[in-house]
Amino acid sequence: MNTLTPTAVLNQDKARIAGRARPYWNPYVAGVLLGLVLLATFVVTGRGLGATGGFAAVATWLAGQLTPDHIETSAVHAKYWHDGKPLLNWTLFLLVGALIGAAISGWQGRRFKFSIERGPRINDGQRLALAFMGGFIAAFGAKIAKGCTSGQALTGTSVLSVGGLVFMGSVFVAAFGLAWFVRKEWL
Amino acid sequence: MIFPLSSTVELTLAAELAIALALGAGFGFALERAGFGSARKLMAVFYLYDMAVVKVMFTAVVTALCGLFLLSWAGLLNLGALYIEPTHYVAQTVGGLLFGVGFLVGGYCPGTSMAAIATGRQDGLVFALGMLAGVYAYAEFTPGIDAWYQATASGEITLPSLTGIGMGWWVLVFLLALAAAARGLGAVERRFSHLRPRD
Numbered sequence: 001m002n003t004l005t006p007t008a009v010l011n012q013d014k015a016r017i018a019g020r021a022r023p024y025w026n027p028y029v030a031g032v033l034l035g036l037v038l039l040a041t042f043v044v045t046g047r048g049l050g051a052t053g054g055f056a057a058v059a060t061w062l063a064g065q066l067t068p069d070h071i072e073t074s075a076v077h078a079k080y081w082h083d084g085k086p087l088l089n090w091t092l093f094l095l096v097g098a099l100i101g102a103a104i105s106g107w108q109g110r111r112f113k114f115s116i117e118r119g120p121r122i123n124d125g126q127r128l129a130l131a132f133m134g135g136f137i138a139a140f141g142a143k144i145a146k147g148c149t150s151g152q153a154l155t156g157t158s159v160l161s162v163g164g165l166v167f168m169g170s171v172f173v174a175a176f177g178l179a180w181f182v183r184k185e186w187l
Numbered sequence: 001m002i003f004p005l006s007s008t009v010e011l012t013l014a015a016e017l018a019i020a021l022a023l024g025a026g027f028g029f030a031l032e033r034a035g036f037g038s039a040r041k042l043m044a045v046f047y048l049y050d051m052a053v054v055k056v057m058f059t060a061v062v063t064a065l066c067g068l069f070l071l072s073w074a075g076l077l078n079l080g081a082l083y084i085e086p087t088h089y090v091a092q093t094v095g096g097l098l099f100g101v102g103f104l105v106g107g108y109c110p111g112t113s114m115a116a117i118a119t120g121r122q123d124g125l126v127f128a129l130g131m132l133a134g135v136y137a138y139a140e141f142t143p144g145i146d147a148w149y150q151a152t153a154s155g156e157i158t159l160p161s162l163t164g165i166g167m168g169w170w171v172l173v174f175l176l177a178l179a180a181a182a183r184g185l186g187a188v189e190r191r192f193s194h195l196r197p198r199d
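For the protein sequence lines, the chains are B and U, in the order given. The numbering of the first sequence is this note's numbering, which starts it at 1 and goes up by one. The numbering of the second sequence is this note's numbering, which starts it at 1 and goes up by one.
In case anyone wonders, no lab produced these hints; they're calculated from the structure. Do not take every clue at face value.
Said to hold, decoys possible - Restraint ranges, calculated between C-beta atoms of paired labels, are given here:
| no. | chain 1 | residue 1 | chain 2 | residue 2 | range |
| --- | --- | --- | --- | --- | --- |
| 1 | B | Asn123 | U | Ala180 | 47 to 53 Å |
| 2 | U | Phe192 | B | Gln108 | 27 to 33 Å |
| 3 | U | Leu11 | B | Ala78 | 19 to 25 Å |
| 4 | B | His70 | U | Gly75 | 31 to 37 Å |
| 5 | U | Leu76 | B | Ser115 | 43 to 49 Å |
| 6 | B | Asp83 | U | His194 | 52 to 58 Å |
| 7 | U | Thr152 | B | Gln65 | 42 to 48 Å |
Positions of the beta carbon are idealized from the N, C-alpha and C atoms, including for glycine.
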């Protein structure tokens, strides 16, 4: 005798078809993998990982399309101009690779889902506005510090760079200091 | 001393970019496996109920550090040929503080936003657009900061060069700190588990 109600059967079917998201890896295991990727990057290229440079390359490409005369006046654009081919940037290709790798992992783990991540006390529009603001501020921070979580915190610390440690400490000080004030965004 | 490869072999641009794609795939795969495509998982570290960010980053740093030390000890890797970003105490403090604010408000960092986009998070895409606007604005309006950085940086400073204590000892310190952290972080998570969202 089938003891499940019709609704329960339907829900069971839905779950089977959609597929439950598989759990993430143990953080220490994921950390070892991330460390091995970082080590391989050092061994092959002599420098570590980065991410912000890829964004900078796209910004310089955009500037080249919109206002070509600005390329020469800004030393920052000039650095990423790459003889008129700013998109052939090492870090940008790393980011494209990261998209592919993350998509493979997410697909295999059944974790792909269109969503907006936020706490229950703010709405989607507020969250997207904060995401844009946060990205803008983080970009300035990374440009001033010459690196982000990848380039300074992860890569810098792995070669025992004092600047990398100072950066990582500052990131945690600021974020912990502000956490109480933006708790509605996340909790 | 055959590594880093870049110091012994002249790679073409195409080869370099292919290597970047491959390493990037590993990078993105590891970030997504760790759960770093999710802003709430990342931000949980600042509310202390899930310390995955610290566990993953600390483990990654110790893994890479041990690997570099062992390869160098075996005579395969020339540590002197590795590029180390010059330390600039003011820039890395101010930049780090700003970055921390952006990380908490935005929910991602530049690398993890890729994992977010790849798994369908629209806030990850918007964060990345904010990043793009930010680096654009930096290049357009404040290129002088770069010149100031170059002129006033303190140069390559590492824990061994600063303290005179060799790399091997630092490897040991980091290993012991990771072991201690692995014990302590679990206790922190239990203490703050009431903050964990139920959905």
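| said: Please check whether Leu11/U and Ala78/B have a Cβ separation lying inside 19 to 25 Å. | reply: Taking Cβ atoms as reference, Leu11/U and Ala78/B lie about 24 Å apart, which means the hint holds.
| message | Range first: 27 to 33 Å. Now tell me if the beta carbons of Phe192/U and Gln108/B are that far apart. | response | holds (31 Å)
| query | Lying within 52 to 58 Å: is that true of the beta-carbon distance Asp83/B to His194/U? | reply | Holds: the Cβ-Cβ distance is about 57 Å, inside 52 to 58 Å.
| query | Do His70/B and Gly75/U keep their Cβ atoms within the hinted range of 31 to 37 Å? | reply | violated (48 Å)
| Is it true that the C-beta distance of Leu76/U to Ser115/B lies inside 43 to 49 Å, as the hint says? | holds (45 Å)
| task | Can you let me know if the beta-carbon spacing of Asn123/B and Ala180/U is within 47 to 53 Å? | result | Given range 47 to 53 Å: violated, Cβ gap about 42 Å.
| field | Beta-carbon spacing of Thr152/U to Gln65/B - inside the hinted bounds 42 to 48 Å or not | value | violated (33 Å)
Of the hints listed earlier, those the structure fails to meet are numbers 1, 4, 7, in rising order.
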